[in-house]
Structures are given as C-alpha cells and as structure tokens.
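Engineer: Read off the chains here:
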Amino acid sequence: MASAMLSFASAAASASASLPVHENLKGKTKIGSVNFGSSVQERNPFGKTKHFGRVSMTVAVNVSRFEGITMAPPDPILGVSEAFKADTDEKKLNLGVGAYRTEELQPYVLKVVKKAENLMLERGENKEYLPIEGLAAFNKATAELLFGAENPVIKQQRVATVQGLSGTGSLRLAAALIERYFPGAKVLISSPTWGNHKNIFNDARVQWSEYRYYDPKTVGLDFDGMIADIKAAPEGSFILLHGCAHNPTGIDPTPEQWEKIADVIQEKNHIPFFDVAYQGFASGSLDADAASVRLLSARGMELLVAQSYSKNLGLYAERIGAINVVCSSADAATRVKSQLKRLARPMYSNPPVHGAKIVANIVGDPALFNEWKAEMEMMAGRIKNVRQKLYDSLSAKDKSGKDWSFILKQIGMFSFTGLSKTQSENMTKKWHVHITKDGRISVARLSSAKCEYLADAILDSYHNVGLPEIGQQ
Amino acid sequence: MADSVFHHVVRAPEDPILGVTVAYNKDPSPVKLNLGVGAYRTEEGKPLVLSVVRQAEQSLVNDASRVKEYLPIVGLAEFNKLSAKLILGADCPAIQENRVTTVQCLSGTGSLRVGGEFLARHYHERTIYIPKPTWGNHPKVFTLAGLSVKDYRYYDPATRGLDFQGLLEDLGSAPSGAVVLLHACAHNPTGVDPTVEQWEQIRQLIRSKKLLPFFDSAYQGFASGSLDADAQPVRMFVADGGECLLAQSYAKNMGLYGERVGALSIVCKTSDVAGRVESQLKLVIRPMYSNPPIHGASIVATILRDKDMYNEWTIELKAMADRIISMRHQLFEALKARGTPGDWSHIIKQIGMFTFTGLNSEQVAYMTREYHIYMTSDGRISMAGLSSRTVPHLADAIHAAVTRAS
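In the order they appear, the protein sequences are chains A and B. Counting along the first sequence from 1, when you hit position 468 you're at 475 in our numbering, and nothing is skipped either side. Counting along the second sequence from 1, when you hit position 384 you're at 436 in our numbering, and nothing is skipped either side.
Isolated chain A, as found in the complex (with noise of 0.2 Å):
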C-alpha cells in the first residue's frame, strides 16, 4: 500500500513538477485522507501541503506569484559542462562545449590578450559608457577583418556594423532586426545546426524552418538536399549559413559548392545572413576562413554576418562580438546601423567596453596582431594533430572495416561522430566522456594523450549500445 502511495507521489510530482512530495513521504504510510488525484490538477497547494513537510511553510503565508512555474531543463550543450563538473570518475572527460584546451588540457589564455591586457591597465583607460553601437575602433577593425580592409564594402560605407554580445548577442540584434522590418520572413536554418540558432529565433519571434545539410550516410555535406530546399524557399528569405567550421558537424562546403549556393540565394533573392564563429581557428588563417562571406560580398548581394571572438580571441567569457550588415548603399547602412542601437538600448543599452579593447588594441597594432595571428595558428595546429592522432587510434583499434576519415575531412573546433542520443549517452555513463547528445564531440578539448580512451570509448558505443531499431535516432 505504501509502495503504491509512494509511486503515485512519484507520479503527481512529475507532473506537476513543483512539489518534492516523494522524499517527503519517505516512511510515511498514513496519508489516508491526501486526496492526489485532486492536487495533480490543482495549482493551490495549500490544502494539501499540511504533510508535506518543506511546502508546508506556504500554509502559514500566501502561495507564491511564481508557484506555477515549472523547473526548465538544463541548457543541451552548457548542462554538459554541469553534469561533468558533477561527475567524480577520475578518467572523464569534457568534450562538450567549444571551448579550447591545451594539450595538458588547461583553458588557454593568449599570450597576446594578456599583453593587451597590460597595456591597459598601464595607460589608465577610463571606464566610460561606450555609445550604444560599441567601440568605433573595435568596429572598424572587426569589419576589415573580416571583409578586407580595401574591400569595396568597406571603402565605400556600405557596412552597418555594432559591436554585440558575441556571437550569440549578434545574431540576437539581427533576429530583433528582422522581427521588425522583415515581418513573416523566414530563417533558414541547417539540419543540424548549433542549438542555440533555433531558441535565438523563437524568442526573437522569427520563424525558422530548416535546410538538408548533413547526410548521415556519407557523414558529409548533402548538398543537393541543401540547394534544393533554400530554392523552395519564399523569396527573400534568410539564409543562415556558418561562414567556415560549420557546428556541430564540422563540413563545410568546397569554394565550388560556395559559388552555387550564392546562385540560388541569387536567383531567390534570398538574404544570406552568416555566423562567423571560427575565422581563423578553422584552417589558422584568417583571410582563408573569410572566403565565403566575401565570395557571397563580392556578388554585390546584400548580407548580414555575426561575428564573434570567443574562440579565435579565446576571449569566450568577456563577450565580445558585432553584427554586420551589408547594405547596397552607404544611407542604407547608416539607416540600419541606427536601428540596430534602436534595439540594442532596451535590451542592454551600450555594450561591455573590456573585450572590445582587447581586441581593438590587438588587431591595431601590427606585432600584436602578428602574435595573434602566431597563436591562432598554434591553436588550429593542435586540433588538426588531436584530428589525426583521433583517426589513427580508430583505424587501428576498430576491425569493422568502417571508413573514419571524416575525423580528417571535418574541420574546426567540432567533429560529428554520427553516435546516435543512445550512444551519446553511453559515452557520458559508460566512459565518462561528456558529450552532447548529437554526437557532437569537442575536439579542441581533447588532448592527444587521451585520444586511445577516446576511441575505446566511440567504438564501444558506436558497435555495442543502441543497436538498429526501427525509427530510431
């Protein structure tokens, strides 16, 4: 009687999610006269809270204005790092979030922003309220970097650029943006995409559907998927698309494949609107990383590009970053410009005048930004060798037969295992391996001394665990 009482409990509280009625009702068997099946439904606990013991406080007061509200999951990709911090198994490992670590597996700071730092604090910089729109000298530098200093675009003003909340600040600006002078426009969004995109849009208001990116049976780009699903989409809509490094999957398309998407975004008089995470920190040069935002720019098509400078900075936690919008004209821009601080100033007012700085100081000041560019390439380096080191512990530990090349072909910070949720999960319980549940793994967290586990750990779960079903994945 009391297991069946204590499971119904179970029961109505994960439906309701807002009392901890199980463990009190640890040991308690008379509870006779608790109607559940009322206290499911209703949102007024006090009647019935007079058992339960950490509740029974809001009998003597009135319930809370928040009583209803329900416990949110925790966030897919920064959880991870939660549930790993959780974690005492000494062989675990963080692979989730994109945040690069040494080969000793310590966060790195630049020796270049460290400097910068310095200077600053030397010359005795004031703490000023930057003007809504960001650091002009952080904004002029940030567009030249990443359209080229003597690109048209820039000399003749056609850019609208505000420094935002990194890259994920960014794109929040640009969907505000769209909300408002694009009503009923369509993001398009690729399949898969980083986890973020989707929630940024919903709260932004902004519908999205998605476009074919990655085929599972290649482990590749499915690009004709790809070029046909942005053709079916209603004119001028826009098209999101990963400027080099592409999250979670690590494909990017081919220089080729570049100059037909821009046909078909043409042709549709699509909006290509592009989020540069990784300029630099894919291939270790920035002017490579750069391509496909001034291929689609030198059509003359009018574009919108989120930066960021969490990773090729690793300046991750000072949030520095800037929308760009590429306008057909210079009045165009300024127009726009002032109404992205439009939508700035009630969200934030003026953006965090510190990482702006960094890298205003370090991309203004040639051995500096040489540094930068030294360590960036140090950093891509190590990914690239963890890469190998990664395929060579696979090839040789799994007999199957199964082709892992795509560790190689993939680039950037992220590789896509192609482990389903069922084996992602494995990875976390079996092996301690913190991953996110698409497969995702983190490579610029993975040391070369750690790869053999790894590769235990990715061929145990991809051979043993979550075996074909039907529907599945």
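Honestly, the hints are just simulated from the structure, not real lab data. The C-beta atom is built at its ideal place from N, Cα and C for all residues, glycine as well. Among the hints, a few may not be true.
Claimed, not checked - Below, computed lysine-lysine pairings styled on DSS-like, alpha-carbon distance capped at 25 Å: (1) A/K444 to A/K92; (2) B/K78 to B/K98; (3) A/K147 to B/K78; (4) A/K92 to B/K133; (5) A/K99 to A/K436; (6) A/K404 to A/K416; (7) A/K92 to B/K334; (8) A/K416 to A/K267; (9) A/K238 to A/K224; (10) A/K205 to A/K238; (11) A/K428 to A/K98; (12) A/K428 to A/K406; (13) B/K334 to A/K205; (14) B/K334 to B/K192; (15) A/K444 to B/K133.
Stated by the list, open to error - With the C-beta cut set under 7 Å, the calculated list includes, among others, these residues of chain B facing chain A: (16) F58; (17) V61; (18) L158; (19) R165; (20) H174; (21) L196; (22) G310; (23) E311; (24) V325; (25) Q332; (26) R338; (27) Y341.
Chain B: place on chain A using the hints.
Structural biologist: Chain B in isolation, oriented as in the chain A frame:
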C-alpha cells in the same frame, strides 16, 4: 541591381539621453557643459575610475591562474551572492532561507530586461506601472520585454516634489497582482524620493493589493553616501516576507559604467520556487547573449569580498556623493545670489545624481543654443557633471532662460 532590401528602414533618431553626448561632442565651444548622461565627473570635469577599482583590476591581471572561460548562464556565483547581500543586508532571512535567486546581468538595463521577459512569460499580470516621469529607457525595456506599460502619478510640478496622494490613488486602482516599478532611491530623473513614512504606506498598499514590486536600484550608496541607508526601502519590503524583483547596477556606485555589471534578484516565497525561477531565467538569458561578461563582475567580487577594499570603496563612494551634494548647494546659492525668480530649494531637497530643474524644453533649447549647456529636454541636469568652476556658467544660463522674454 535590385533596390536595397533595407529601403524601407528609416533612420532612427538619436537616443534622447545618449544623444545629448553626441550633440555635445560636436560642439566646438570652449565653455560647453555636458549635463546629460548620468556619469560622474570629478571637480576637474574628468571621468573617474575609483582607486579601489584600479587595485582590483591590477590584482586580476597579476593573477596568473585567471582564465576567460565562459561564465555560467547566471554569471559569476560569488558576484551574485555578494550582490544580494549588498542590497538586502548580510543577515537577510530571505537570503539565509535560500529564497533569493540572483543572476548577473548587463548592468541595470539588462537586469530590467531579463526580469521583464521573465514576467511576460511566467506571471499572470502583464502590466507594469511605472512612475511618471521615469528614466526614458524604462518604457522601451518593458515594452520590448512583452509587458504593457501604464504609469502612476509621481512628480508634482507645482511643488517639485512627490505627488503622494496621486501615487496612492493610482496604485490603489491598479488591478490586483500588477507589477509596480519602484526606484529604490534617488529617483531618476526627478531626484524626489518618498520619506521613510511614505515608503511604509506604499509598502502596505502594495502588499494589500497584492501588487508585485520591481525595484530599480541604480544608486545604492551614491544617493546619501550610505549603502545601508539607500537600501532601506528595498529591505523594508523584503522584511515583510513578500516577493519582489530587484535590478541592481554598479555603473554609478562603482564607476563601472562601460563594463555593464549588474544583477537581477527575485525574492520568492520558498527556496523551491527560487530554484525553479532561476532555471527559467536561464532560458531567457541563453538566447539573448548566452552568458554575461566576466570582467566587471570580477572587479565587483574582488572588492566586495575583501574587508579593506570594501571599506576603501565606501570612502570613495561617500566622496562622490558628498561632491554632488556640494554642487547642489553651490548651484542653489548661485541662483539665490543672482536673484533668479522662483523657488529653487528643490535643488537641495532632491537627492542623487540628477536635478529636475523644472525648466521647460524651450528654456532648455535656449540654454543649449546660447550657453552651450547640454541636458535632456525634460529639464533634467546631471549634478555629477558640474564643478565649482562651471556652476556660475550654469547659473547664468538658468537665470537667462528664466528671465528672458519668451
């Protein structure tokens, strides 16, 4: 080539408050005075970085173990705890009972926006009452957050003081459960604060009508010079066991303007509710900017956790507050000396960074044109932008504006 897809996007006007600085910067006059935005200036007219802030920054830079990894979505944990203690008091029962969730946000604006979005999603009453007048950005923040904005009477132009009766009537007729924005101290733009007795009446009214208070605390310590005194209204409300929202900013009191440091606290009935509320705040923040900036919050935490640095801070804070109070007296005396018509005692009665002069927009435009005085068109002046040297010029301008034939 086709016309721009942005052809229909019109040019927005400059932000009324921040636009004052834009206009000021363009003016070549050597006697120009910027009394627009609320940023503290020294007697020499220079921005001030507090000495204790520099110390904190030095220690951060010297600490080789510091990294720049993403903060959690809710921000720096130590900063959050210390911020809650600062405004609510270290021995606050609500804190001890774990009934307060505090999340780091982008200064005051960001805290208000995140709080507003949370309420729009999870609270049954989607109307927020804001005082008339209030900071120019308040209505925009709450409207974009998804709330509908109404106002309650606050400033009485006849007395240049509080329209207390009007306030009580308007809040009294608000629908039960409505949200009410309250300036914790140093009301912006008027500088007019309720007395302790008036605050108590406001509290009783709000609790009896089950209205939900949302405090905007941008000047703790900066108004009277005392951190505890300036926190009294907030603490009165929390002491009665009720719920409230609270936006804190360190822009002025720690001079961290451009670092964008602030916190949103939600005081709940139970710790269980607070936990769930926090989880939902994260869902608001993640699609907005993912996680907050580390630098400013680290400076604040460094100072608040260290007894000596904290004491130094209180001294520097009091010095800023005292200088502003001194400017008030100097301006009042200067107008008296010129025999400027009208009762100018509100200059010394009002509190905080701003004085609501009572000048109208024509008079303001005149002062800008003829005397190169830059201020917002509602007649608000930032006392923090004045010095002993510039008070006479401002007094001349006010005198001229008030006495000229219209």
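Engineer: Which numbered hints does this structure break?
Structural biologist: Hint 15 contradicted; others consistent.
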